[in-house]
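**Student:** One line per chain: the protein sequences are A and B, in this order. Residue 127 in numbering that gives the first Met the number 0 sits at position 128 of the first sequence; the count goes up by one each step and never skips. Residue 156 in numbering that gives the first Met the number 0 sits at position 157 of the second sequence; the count goes up by one each step and never skips.
Don't take each hint at face value.
[Claimed, not checked] Below, a list of computed lysine-lysine pairs in the DSSO-like style, where the Cα atoms sit at most 27 Å apart:
| id | chain 1 | residue 1 | chain 2 | residue 2 |
| --- | --- | --- | --- | --- |
| 1 | A | Lys199 | B | Lys114 |
| 2 | A | Lys199 | B | Lys111 |
| 3 | B | Lys156 | A | Lys199 |
| 4 | B | Lys69 | B | Lys185 |
| 5 | A | Lys199 | B | Lys132 |
| 6 | B | Lys114 | B | Lys185 |
Derived from the structure by calculation, the hints contain no laboratory data.
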Amino acid sequence: MRSAIPIEKTPATSRARKTVVPAQPSVPPRRRQAPLGEIVLPLVGVALLVGVWAVVSQLAPFLPNPVQTVTKSWDLIRHPFFDRGPNNKGLGWQVLYSLGRVGLGFGLAIVVGIPAGLILGRSSVTRKMWDPVVQVLRPVSPLAWLPLGLATFQAATPAAVFTIFITALWPILLNTSAGVQQVPPAYLQVGRILQLSRRKMMTRILIPAALPHILSGLRVSLGVAWLVIVASEMLTGGVGIGFFVWDEWNNLSLEHIILAIAVIGLVGLGLDRLMLAAARRITNQPLG
Amino acid sequence: MSQFLQISDVTKTFETPRGPYPAIQHCTLSVGQGEFVTLIGHSGCGKSTLLSIVAGLTHPTTGGVILDGKEVTSPGPDRGMVFQQHALLPWLSAHDNVLLAVEEVFPSLSRKDQKDRVMHFLDMVGLIEAAQKYPAELSGGMCQRVGIARALAMRPKVLLLDEPFGALDALTRGHLQDEVLRIWQKFGQTVLMVTHDVDEAILLSDRIALMTNGPGATIGEVVRVDLPRPRNRRVIVGMPAYHDLKVRILEFLYERYELVS
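With the sequences and hints as input, model every part of the structure.
**Tutor:** Structure (structure tokens):
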């Protein structure tokens, strides 16, 4: 990653720069305090949450307390990848199956959403034509699509993938379109003066200029896709972290459900961080 | 001097919700090869619109522009443009911003020759060392230099400068003006510049076209700058001719066509 290097605001800088390398103070005092803010404080937050949970579990007899949760699900924690037949797999497998569906649906949404967004962003005619459709379909809860998926594909996994696809599509499409519309006119004028071909205008100017928008759309999409997979697997069954939650509810194993919630959250966080890191790497700039 | 660039009776009327708005009317101006001509006027008078028409980015409602015997119908690299806000692509380094232009204009050159050309023009504006830096890492003045290098690297027939120094602080502006003057002298590059800075116009130009106020702005008067070249800002400021010119231009701008706001 590039770092923003402060540069003197005089045109002579290019020649004078060699001489103006200010000596860095050895370690800025703020750095030393960083571990407190970045490690200790989050740990305090987690501890407080566990504390509240412990208190509530004393009041609600059916809710397992933190110690019970860990002891009763210790087997699942220690062996994430056991495989005891199609209906009894470790949490690691459950997560991987779910991630596979999310990846497929998300991938399809990228393949459709980015080109569609580029077209919508460039053409106001297309935009006017499709805007009502997008505006009506976008607020629909993803799970409403699930029956249609089930009816169409006659199978659980394609239906779940289809639901992820529909859900992940809108943020990608709308962000790409908005990104293209917000490209500064001067960049396009540069392209016109250079007489760039239609294709080069896309690849050299429009897509790079809209990239931060596109990437933040992808990040939102991936987050929503992960939200939706759990719910849709609850309804479709099979192997997956969502179905695991439902299965454990039927077994009345709340300890395992609490563990699954933690795992779902951590995987979601991991996906988001991964996406953010990829976005930073691609655009060379912090995206917030 | 031949009439290298001929702007003939150009009128531009914008359609607005409140009816047609005539931005500029009946603008006629010719620029000889190697000449430095400046359009000056109050902000909003339509001088940038006129420049944009010469660039081919805007189509005139009536009238036309002829450059080197050919009518201007669309933008092209024979009219290198330097934008007010540099318009460098932020995801490309200074080097790659210029390279994009060189690639398009000289596709038959080898990769090495293209890169040599880029470095040649970055060197000309004194930015060799900043070649690999991105626009966000460069000062406003440095970005504008890259913009100038990019425009010159296209080997344009005419260089169009749209208030190129407007966004810079006074000291940087002075340095960059000297730089442009030096480059112009070295290459005999034909230049059409837009500005609202009277001193800048006098320092740089062979002739100055004074624009009246909009709506319906036009070129009211063209004055010749008979100051010896090469010009040095400290020397010419003391010359009586400089003073007379400045008074004449200021009279035009502030007494005859004072901005009504």
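**Student:** Work down the list of hints and note, for each, if the structure agrees.
**Tutor:** Against the structure, the hints:
1. A/Lys199 <-> B/Lys114: holds (20 Å)
2. A/Lys199 <-> B/Lys111: Holds, at roughly 21 Å.
3. B/Lys156 <-> A/Lys199: Roughly 24 Å between the alpha carbons, so the hint for B/Lys156 and A/Lys199 holds.
4. B/Lys69 <-> B/Lys185: The hint holds at about 26 Å.
5. A/Lys199 <-> B/Lys132: holds (23 Å)
6. B/Lys114 <-> B/Lys185: The hint holds at about 22 Å.
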